[in-house]
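*Asks:* Sequence order for the protein chains is A and B. Numbering-wise (numbering that gives the first Met the number 0), the first sequence opens with residue 0 and increments by one. Numbering-wise (numbering that gives the first Met the number 0), the second sequence opens with residue 0 and increments by one.
Do not rely on the hints blindly, as some may be mistaken.
[Unchecked claim] Output of the computed footprint for chain A on chain B, the stretches with three or more beta carbons under 8 Å from beta carbons of chain A: (1) 14–28; (2) 45–59; (3) 92–104.
[Unchecked claim] Mimicking DMTMM-like on lysine to aspartate or glutamate, the simulated pairs with C-alpha atoms at most 20 Å apart in a straight line are: (4) A:LYS11 to B:GLU98; (5) A:LYS10 to B:GLU20; (6) B:LYS131 to A:GLU77.
[As the list claims (entries may be wrong)] Here are the computed distance ranges between Cβ atoms for each label pair: (7) B:GLN18 to A:ASN85: 37 to 47 Å; (8) A:TYR81 to B:GLN71: 17 to 27 Å; (9) A:THR94 to B:VAL73: 49 to 59 Å; (10) A:ARG114 to B:GLY22: 47 to 57 Å.
Hints were generated in silico from the structure; no laboratory data involved. A quick note: this is a predicted structure, and the numbers were derived from the prediction, not measured. All C-beta atoms, glycine included, are put in the ideal place defined by N, C-alpha and C.
Given next are the chains, with one letter for each unit.
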Amino acid sequence: MDRKEHLAVEKKKIAPDKCVVTGKGNWYFPPADIYEIPDSFVILLDMPGVPIKNITIDMQDNELVINGEVSLETYADEKVLYNEYNIGHYHRHFTVSDAINKEKVEAKMSNGVLRLTLPKAAHVKPRKIEVKAE
Amino acid sequence: MHFVNWNKADPLDSITHIQREMGDLFDFLSSAPQAEGYVSEEFPQVILSTNKEFVIVRAELPGINAGDLDVQVVNDLLTIKGERKPTAEASAVTYLRRERDHGTFARSIMMPEKVDPDRVTASYKDGVLIIKLPKAQESKPKQVVIK
Chain A
0 MDRKEHLAVE
10 KKKIAPDKCV
20 VTGKGNWYFP
30 PADIYEIPDS
40 FVILLDMPGV
50 PIKNITIDMQ
60 DNELVINGEV
70 SLETYADEKV
80 LYNEYNIGHY
90 HRHFTVSDAI
100 NKEKVEAKMS
110 NGVLRLTLPK
120 AAHVKPRKIE
130 VKAE
Chain B
0 MHFVNWNKAD
10 PLDSITHIQR
20 EMGDLFDFLS
30 SAPQAEGYVS
40 EEFPQVILST
50 NKEFVIVRAE
60 LPGINAGDLD
70 VQVVNDLLTI
80 KGERKPTAEA
90 SAVTYLRRER
100 DHGTFARSIM
110 MPEKVDPDRV
120 TASYKDGVLI
130 IKLPKAQESK
140 PKQVVIK
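Kindly produce the complete structure, drawing on both the sequences and the hints.
*Replies:* Structure, rendered in structure tokens:
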């Protein structure tokens, strides 16, 4: 992928599925990167404004469901002069295969980016096969 | 005795009228795709609000080290600069999906009021940058005492 010189504005997308979680506010579809490193797969999700305690990650059968709720602070004594983006919660789900060790999924949150590490199951990990001399 | 005849028709009146009509037409034509109002396409997108004490600027900038952000205030111009770096992974990675963008950005925003550049504070938490710019003393409303 070519490297862009400057960051471009991307409008937030509304989450395509009706979310299970009820409550006020919009639900957005957080942009994600997925990549593979030798031992695991990593998913990075942009969820700005979500405190760590408001993230729920569920593994239901083969579905990894991620919800992040922002605190919909009211601008109590503030007057909004202009508003270029909307604040809302985040929801996204992924289907994972048997190649993932579901017991050992790890999640870390830093600076509004959620990082999920999905370790590969033993049977798909790269194995070195020793060549024996006869 | 009338010094000014308010009802006097200006001979140029009809021309200014046409001029105004043309201006409206140009405004209409140039503003056609403006479905979302005056939303700019500058990165980062901001929310600008004010209260009695501060002008507050918020921007969603996930995944940036606070050290890579540069916030400056010169006169009434706020400049936010920074860089979003691609994820530093120790080993080589194979991307399967890539939606998150990276690169540099810079944006300047004119403040709606005079601010005190010496007392500006900025915080970066959960990927949201919040800049609080205290209003300058002279722009605060002053109560006039009636004697």
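*Asks:* Now tell me if each hint is right for this structure.
*Replies:* Okay, the hints, checked on the actual structure:
Remark: the region 14–28 of chain B is not confirmed as covered by chain A, as 0 of its residues place a Cβ nearer than 8 Å to a Cβ of that chain, below the required three. Under the rule that three or more residues need a Cβ within less than 8 Å of chain A, the assignment of the region 45–59 of chain B holds, with 9 such residues. Judged by the Cβ-Cβ criterion of 8 Å, the region 92–104 of chain B is covered by chain A as claimed, because 13 of its residues qualify and three suffice. For the proposed pair LYS11 (chain A) and GLU98 (chain B), the alpha carbon gap of about 12 Å is at most 20 Å, so the pair holds.
For the hint linking LYS10 (chain A) to GLU20 (chain B), the alpha-carbon distance of about 35 Å lies beyond 20 Å, and the restraint is violated. Proposed proximity of LYS131 (chain B) and GLU77 (chain A) is supported: the alpha carbons are some 12 Å apart, at most 20 Å. Distance hint for GLN18 (chain B) and ASN85 (chain A): a CB-CB separation of about 39 Å, consistent with the stated range 37 to 47 Å. Between TYR81 (chain A) and GLN71 (chain B) the beta carbons are some 21 Å apart, a value that agrees with the proposed interval 17 to 27 Å.
The beta-carbon spacing between THR94 (chain A) and VAL73 (chain B), approximately 50 Å, falls within the hinted interval of 49 to 59 Å. Our hint of 47 to 57 Å for ARG114 (chain A) and GLY22 (chain B) holds, since their Cβ atoms are close to 53 Å apart.
Of the numbered hints listed earlier, those contradicted by the structure are 1, 5.
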